[in-house]
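Undergrad: Chain by chain, the residues:
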Amino acid sequence: MSAGVGVDLENLWIRFGDFVAVRDANVNINGGDFFSFLGPSGCGKTTILRAVSGFLDPSEGKVLIGGNDMRGIGPNKRPTALIFQNLALFPLMKVWENITFSMEIKGASASQRRKRADELLDMIALPGQGDKLPSELSGGQRQRVAIARALCAEPDVLLLDEPLSALDLKLRQHMRTELREIQQRVGITFIYITHDQGEALTMSDNIAVMRAGVIDQIADGKTIYNDPNTAFAASFVGENNVFRGKIKQIMGTEALIATNRSGDLVARISSANQGKMKEGDEAMMFIRPEAFAIAAEGASGNHFVTARVNHEEFEGNVFNIFTEGEGGKEIKVSIPNHGQSFQDHTGQNITLEYETHNAVLVPAGELAAE
Amino acid sequence: MPKFLKEFFNRNGTGMGLAILGLVLFWTIGLIILPQLSMLDFSFRPNLPPPEIGGPKDVYTLENYKYLIYGPEGGSQDYNSVDLRVFFRTLLAAVCVTIFNLIICYPIAYYLGQSKGSHIRIFAIMLIIPYWINEILRAFALRIIFGETGVLNTLFMGLGIWDTPFDFIRNDIALYAGLGYAYILLMIFPIYNVIESLDHNQIEAARDLGAPWWRIHWRVVIPYAKPGISSGCTMVFMLSAGALAAPQILGGPSSLWFTQLIYQQFNDNNDWPQGAAYAIVLLVTCILFVLAVMRLFKVNMGDIGK
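The listed protein sequences correspond, in order, to chains A and B. The first sequence begins at 1 in this note's numbering and counts up by one. The second sequence begins at 1 in this note's numbering and counts up by one.
There could be a bad hint or two in this list.
[Claimed, not checked] Derived list of chain B stretches under chain A, where covered just means 3 residues or more per stretch with a C-beta under 8 Å from a C-beta of chain A:
hint	region
1	27-40
2	284-293
[Claimed, not checked] Below, a sample of chain B positions facing chain A; criterion: calculated Cβ distance under 10 Å:
hint	residue
3	Phe-140
4	Arg-143
5	Gly-210
6	Met-238
7	Gly-242
[Unchecked claim] Computed cross-link-like contacts, DSS-like style, restricted to lysine-lysine with a CA-CA straight-line distance of at most 27 Å:
hint	chain 1	residue 1	chain 2	residue 2
8	B	Lys-66	B	Lys-116
9	A	Lys-332	A	Lys-222
10	A	Lys-106	B	Lys-116
11	A	Lys-94	A	Lys-77
12	B	Lys-116	B	Lys-226
13	A	Lys-170	A	Lys-132
14	A	Lys-276	A	Lys-248
15	B	Lys-298	A	Lys-94
16	A	Lys-132	A	Lys-106
17	B	Lys-116	A	Lys-132
18	A	Lys-77	B	Lys-298
19	A	Lys-276	A	Lys-246
20	A	Lys-248	A	Lys-329
21	A	Lys-94	A	Lys-62
22	B	Lys-66	A	Lys-94
23	A	Lys-278	A	Lys-248
24	A	Lys-132	B	Lys-3
25	A	Lys-115	A	Lys-132
By construction, these hints were calculated from the structure, which means they are not laboratory data. Yeah, the Cβ is synthetic: ideal placement off N, Cα and C, and Gly gets one too.
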């Protein structure tokens with residue numbers, strides 16, 4: 001990947017009156033990376049994007065693009081281009097005029113602009129559509145025009161504010177792949193804002209998980225999914241079963257937890273928290289539904305959980321088993337569908353088994369809202 | 001029955017539909033079209049004393065229109081240069097008032113339309129409330145401000161900016177200010193209405209793509225606001241060209257407005273046919289002028305209704 005222009009946020013604070021929208025954010029985004037800010041709505045991710053694009057000034061701290069402090073530089077002077085959530089195409093301009101608006105401002109001739117528009121239309125697979133109005137295109141086509149318009153400005157950094165949220169599911173999935181391809185082709189830095197963990201995981205080189213103005217974790221998708229730092233990151237990204245309890249014993253990188261309802265269980269302490277947690281601490285243990293397997297009946301130990309099956313559903317790629325453990329503790333289990341015959345367990349007691357490295361321990365904290 | 005009428009009756013029911021239709025027809029035909037037609041009829045008749053109306057002399061004639069162009073028969077000049085000059089000056093002045101109004105009102109309408117918060121409502125009320133005061137009082141208030149011993153002259157002479165009072169009225173400044181002020185709401189609100197519906201992201205998108213502020217207005221806001229701008233300009237132009245109170249009160253002694261001539265014909269000369277002819281000429285010229293300008297700026301009639 002070509003070495004693009006990086007973006008750094010240093011001790012960034014953004015306040016609106018008494019409300020703190022972004023609290024001491026420190027992020028280093030490598031040039032040429034596809035970087036996502038992932039978090040629920042209202043977590044401050046769009047605010048960060050607006051600070052990078054120049055539409056609002058940080059209350060404290062710095063935004064650096066390519067190592068240059070951007071303070072006092074307006075959005076029209078920054079090497080960034082923003083794709084808005086609602087795209088904000090100019091409805092009265094033709095597609096080609098929309099795409100080449102940034103060239104028009106620089107004074108390029110109509111024939112130059114037309115030529116560039118045709119090149120970009122080819123790139124986004126809309127050849128010959130330049131003379132239409134945006135309203136004559138479909139949602140996915142408008143999406144691509146917005147990308148072309150932003151790329152035409154030849155930005156060093158492309159900023160995307162949930163641009164896929166208005167599309168239907170199939171198109172959204174298709175556009176994920178397409179966005180990633182475009183990013184790899186042009187080789188510039190993409191900063192992507194989303195509340196959809198699927199989008200963040202599939203497209204990004206690195207992800208920042210945000211909660212209420214705070215960045216909980218910055219890592220690649222696999223790390224965030226498998227080795228979350230906080231209870232919020234563990235519960236927001238993907239599905240997870242949470243077991244609350246107190247740490248009974250620490251054994252190197254593993255710990256034995258006295259859970260509130262499911263007995264003593266063993267877990268791996270998440271990387272960021274190793275050495276920081278001690279016996280007696282309140283903690284949360286997370287086990288993903290797909291990390292469980294159905295064990296032989298009667299098996300027991302500190303990586304087994306017994307539960308009663310409430311109901312089951314077939315989702316295609318997985319069988320979901322909704323169970324109730326000791327004290328009414330709900331546990332979801334997903335068994336991959338390999339085409340095996342699958343017996344119905346409804347009403348039965350089953351024993352669930354997990355491997356220790358799949359149970360991640362983090363300090364007790366706020367969970368993502370369902 | 002045409003389809004739209006059928007739909008109209010289906011939606012409103014026959015009774016209510018007939019009532020609405022009746023009122024609308026009464027309004028357009030009874031109150032607008034018929035009186036205007038009778039004016040048109042007047043304008044083609046000679047001014048006769050009552051006993052001769054309907055008599056042999058009561059025939060259709062172009063006399064009244066000829067009078068505007070050539071003046072009285074056997075007059076000293078080839079053309080009615082006095083009245084014609086007033087006519088064209090009125091049109092030109094109405095165009096100037098319209099442009100002047102647009103320049104002042106567009107920024108106000110843009111600000112009102114694109115900012116958020118409750119202060120916008122307060123601003124709007126502050127714009128509207130002065131219009132509760134009637135037009136004549138407002139015009140006299142401006143006379144007090146612009147008069148020889150008025151507020152402005154007192155202020156500037158007090159500050160030593162000039163020594164002798166400046167005659168705002170003789171120089172028509174009071175008139176232009178009065179006409180401009182009389183119709184600012186009619187300019188602001190149509191533009192405000194359109195700009196309010198402009199997605200702010202479009203302005204930000206243009207800015208993000210490198211556009212300076214004037215370019216954003218030129219390429220994004222003004223094209224979008226065009227229906228509102230044309231609606232506002234049309235109303236202000238028509239109403240300024242047809243204004244009577246402001247020119248009467250604020251006009252200098254030498255500057256007649258064409259409407260004042262019409263008024264004189266009707267009232268002072270008691271020559272209704274002549275007045276009607278002048279009024280018809282003013283109306284038709286204004287309509288043609290507006291249509292031509294709309295053509296020039298590629299505005300549809302439907303846009304005016306927005």
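Undergrad: Now tell me, hint by hint, if it's right for this structure.
TA: Checked hints:
no.	hint	result
1	27-40	violated (count 0)
2	284-293	violated (count 0)
3	Phe-140	45 Å, violated
4	Arg-143	44 Å, violated
5	Gly-210	5 Å, holds
6	Met-238	27 Å, violated
7	Gly-242	33 Å, violated
8	B:Lys-66 to B:Lys-116	56 Å, violated
9	A:Lys-332 to A:Lys-222	21 Å, holds
10	A:Lys-106 to B:Lys-116	32 Å, violated
11	A:Lys-94 to A:Lys-77	25 Å, holds
12	B:Lys-116 to B:Lys-226	22 Å, holds
13	A:Lys-170 to A:Lys-132	25 Å, holds
14	A:Lys-276 to A:Lys-248	15 Å, holds
15	B:Lys-298 to A:Lys-94	17 Å, holds
16	A:Lys-132 to A:Lys-106	23 Å, holds
17	B:Lys-116 to A:Lys-132	33 Å, violated
18	A:Lys-77 to B:Lys-298	34 Å, violated
19	A:Lys-276 to A:Lys-246	14 Å, holds
20	A:Lys-248 to A:Lys-329	20 Å, holds
21	A:Lys-94 to A:Lys-62	38 Å, violated
22	B:Lys-66 to A:Lys-94	51 Å, violated
23	A:Lys-278 to A:Lys-248	9 Å, holds
24	A:Lys-132 to B:Lys-3	32 Å, violated
25	A:Lys-115 to A:Lys-132	16 Å, holds
When the structure is compared with the earlier hints, violations turn up for hints 1, 2, 3, 4, 6, 7, 8, 10, 17, 18, 21, 22 and 24 and for no others.
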